[in-house]
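These are the residues of each chain, in order.
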Amino acid sequence: MKPRQQRMLALGLSAIGLILASFLTFKAFNENMMFFINITDAVEQNNIPANKDFRVGGLVIKGSIYRQPGDLTMSFALTDNKNILKVRYTGVVPDLFREGQGVIAHGRLAEDGIFVAKTILAKHDENYMPPEVMESLSNHVTEKVAFKAAQ
Amino acid sequence: MIPWLFISGLLLMVYGIINGLFYAPSDYQQGDAFRIIYVHVPAAYISMMAYSLMAFAAFIALIWRIKIAHAVIVSAAPLGAWFTFLALLTGSLWGRPMWGTWWEWGDPRLTSELLMLFLYLGYMALRASIPNITKADKLSAILILIGAINIPIIHYSVEWWTSLHQGSTLLKSGGPSIAAPMLYPLLASIIGLSLFFGSLLLIRTKAEVLKREKHSRWIKDMILGDEV
Amino acid sequence: MIEFFAMDYAYYVYISFLSFITVVIICTNNAFKHHKITLDRIKNTIHQMSDDNET
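Respectively, the protein sequence lines represent chains X, B and S. First residue of the first sequence? That's 0 in numbering that gives the first Met the number 0, and the numbers climb one at a time after it. First residue of the second sequence? That's 0 in numbering that gives the first Met the number 0, and the numbers climb one at a time after it. First residue of the third sequence? That's 0 in numbering that gives the first Met the number 0, and the numbers climb one at a time after it.
Among the hints, erroneous ones may be present.
Residues from chain S shown here face chain B by an in silico Cβ test under 7 angstroms; the list is partial [as the list claims (entries may be wrong)]:
#1 8
#2 17
#3 18
#4 24
#5 37
#6 41
#7 46
For lysine-lysine, the following BS3-like pairs were computed, each having C-alpha atoms within a straight-line distance of at most 25 angstroms [stated by the list, open to error]:
#8 32/S <-> 171/B
#9 1/X <-> 213/B
#10 117/X <-> 85/X
#11 42/S <-> 213/B
#12 171/B <-> 42/S
#13 219/B <-> 32/S
#14 213/B <-> 35/S
#15 32/S <-> 205/B
#16 42/S <-> 137/B
#17 205/B <-> 219/B
#18 35/S <-> 205/B
#19 35/S <-> 171/B
#20 210/B <-> 35/S
#21 32/S <-> 213/B
#22 213/B <-> 134/B
#23 42/S <-> 32/S
#24 205/B <-> 137/B
#25 1/X <-> 137/B
#26 210/B <-> 32/S
What the hints contain is simulated information worked out from the structure, not anything from laboratory work. C-beta atoms are modelled at their ideal positions from N, C-alpha and C, and glycine is treated no differently.
Extracted from the complex, chain X is given alone in its bound form (with noise of 0.2 angstroms):
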């Protein structure tokens, strides 16, 4: 064997051993890369860390939002389209904070089943256009609803 082709392959069996190693470092990892767990799992309190706080996301449920006159106290409900998890939070809400918007909230769960949050993000989509765009396309969506509903 060439001195090039014995570089060539210790370098690629180190490759191998380097990406097999990072592959299951992150399968044993793979729970704690997870920077929030989901509306179900949650709810079904699969693989919720015991006393510490984690973090859920989910969409908020339209007209869930309620806020406690005269108080930065709110609660409103998120959801998966499956499951839906109350939230209970005092403070102040990023801008993106809307009806059906992706929300991440830090937090625990209390034992009445609500869970009270310490911080609020709130996540935006990949999708970008202009306003306009966006009526016209909800508009279309309405439509074909409609039509749906009506057949």
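Fit chains B and S to the given chain X structure using the hints.
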């Protein structure tokens, strides 16, 4: 070649930034804050491209012992580090008004990009600590290759794990999900910065090769030839 | 075209753009400076070597 790349890159960047900043429509959800995309995405793209290029050069340098490949790695590192820093900074400036946080530890996209900044800095520190240039070349190239595992992690972090960061807009199946008047300035600034990066990389590599070959005959002829 | 100061989140947007321009300038400056210093150094060594030969 270098002036051509430099000027065309600069013009495209200026076009992209002016259009992105003033002429592109605002976003339906994020308003004008989305305009940070015109600097954040090119910077993040270059930060990853520079590293991929370095890893590719390291592979060639280690196997075929091609000296110029080491000069390319050395020259790309500071540029890559600057643009990684810029991607983190602009991302933070975007995250504060939109997500509600400057920085979140534990987010896979944010953390892996920060790791890449440390890889760049670690590479430069490792080189600086080894006086023997051949040895420094070899060890630092190995470091770059090991760190290359981070590149797919950065890219797929938003798909493999849950993240605060949204998915890819441009490289998604079914085409980019961004309206055309917003897309063109973005493409212009990405391509512009790439050309610009290429021109700076060539200038640096040229200087690096000159430095490494300073005792050879052709360099002497070339430089003395310039003066006559 | 939108108004310069009427932009939402203007500070965040302008600081990002300014930092982008700053990094581009720093990188350009460094590259050219690095190139010039290297060239000057090599010239000096060559002149020194030829001076040494003459004496």
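Checking hints one by one. Is residue 24/S an interface residue toward chain B, by the C-beta closer than 7 angstroms rule? Violated. Min distance 11 angstroms.
For the hint on residue 17/S, just tell me whether its beta-carbon gets within less than 7 angstroms of chain B.
-> violated, 9 angstroms
Discussion item. Less than 7 angstroms between beta-carbons is the criterion; does residue 8/S satisfy it with respect to chain B?
Written reply: holds, 4 angstroms
Taking 25 angstroms as the top limit, are the C-alpha atoms of residue 205/B and residue 219/B close enough? Measuring from Cα to Cα gives roughly 15 angstroms; hence the hint holds.
Just to be careful, I want the Cα atoms of residue 42/S and residue 137/B compared with a cutoff of 25 angstroms; is the pair within it? Between residue 42/S and residue 137/B the Cα gap is close to 29 angstroms, so the pair fails against 25 angstroms, i.e. violated.
Is residue 205/B close enough to residue 137/B, meaning Cα to Cα at most 25 angstroms?
The given pair, whose Cα atoms are some 20 angstroms apart, holds under the 25 angstroms limit.
Decide if the proposed pair is consistent with the structure: residue 1/X and residue 137/B, CA atoms, cutoff 25 angstroms inclusive.
holds, 19 angstroms
> Is the Cα-Cα distance between residue 213/B and residue 134/B 25 angstroms or less?
Replying inline: holds, 19 angstroms
Quick check on the hint: residue 18/S CB to chain B CB, less than 7 angstroms? holds, 6 angstroms
| Holds or violated: residue 37/S as interface residue toward chain B, Cβ cutoff 7 angstroms? | For residue 37/S, the interface hint holds, since the closest Cβ of chain B sits about 4 angstroms away, which is under 7 angstroms.
- Holds or violated: are the alpha carbons of residue 1/X and residue 213/B at most 25 angstroms from each other? violated, 31 angstroms
* Under the criterion that the straight-line Cα-Cα distance not exceed 25 angstroms, is the pair residue 32/S, residue 213/B satisfied? -> holds, 18 angstroms
When the structure is compared with the earlier hints, violations turn up for hints 2, 4, 7, 8, 9, 12, 16 and 19 and for no others.
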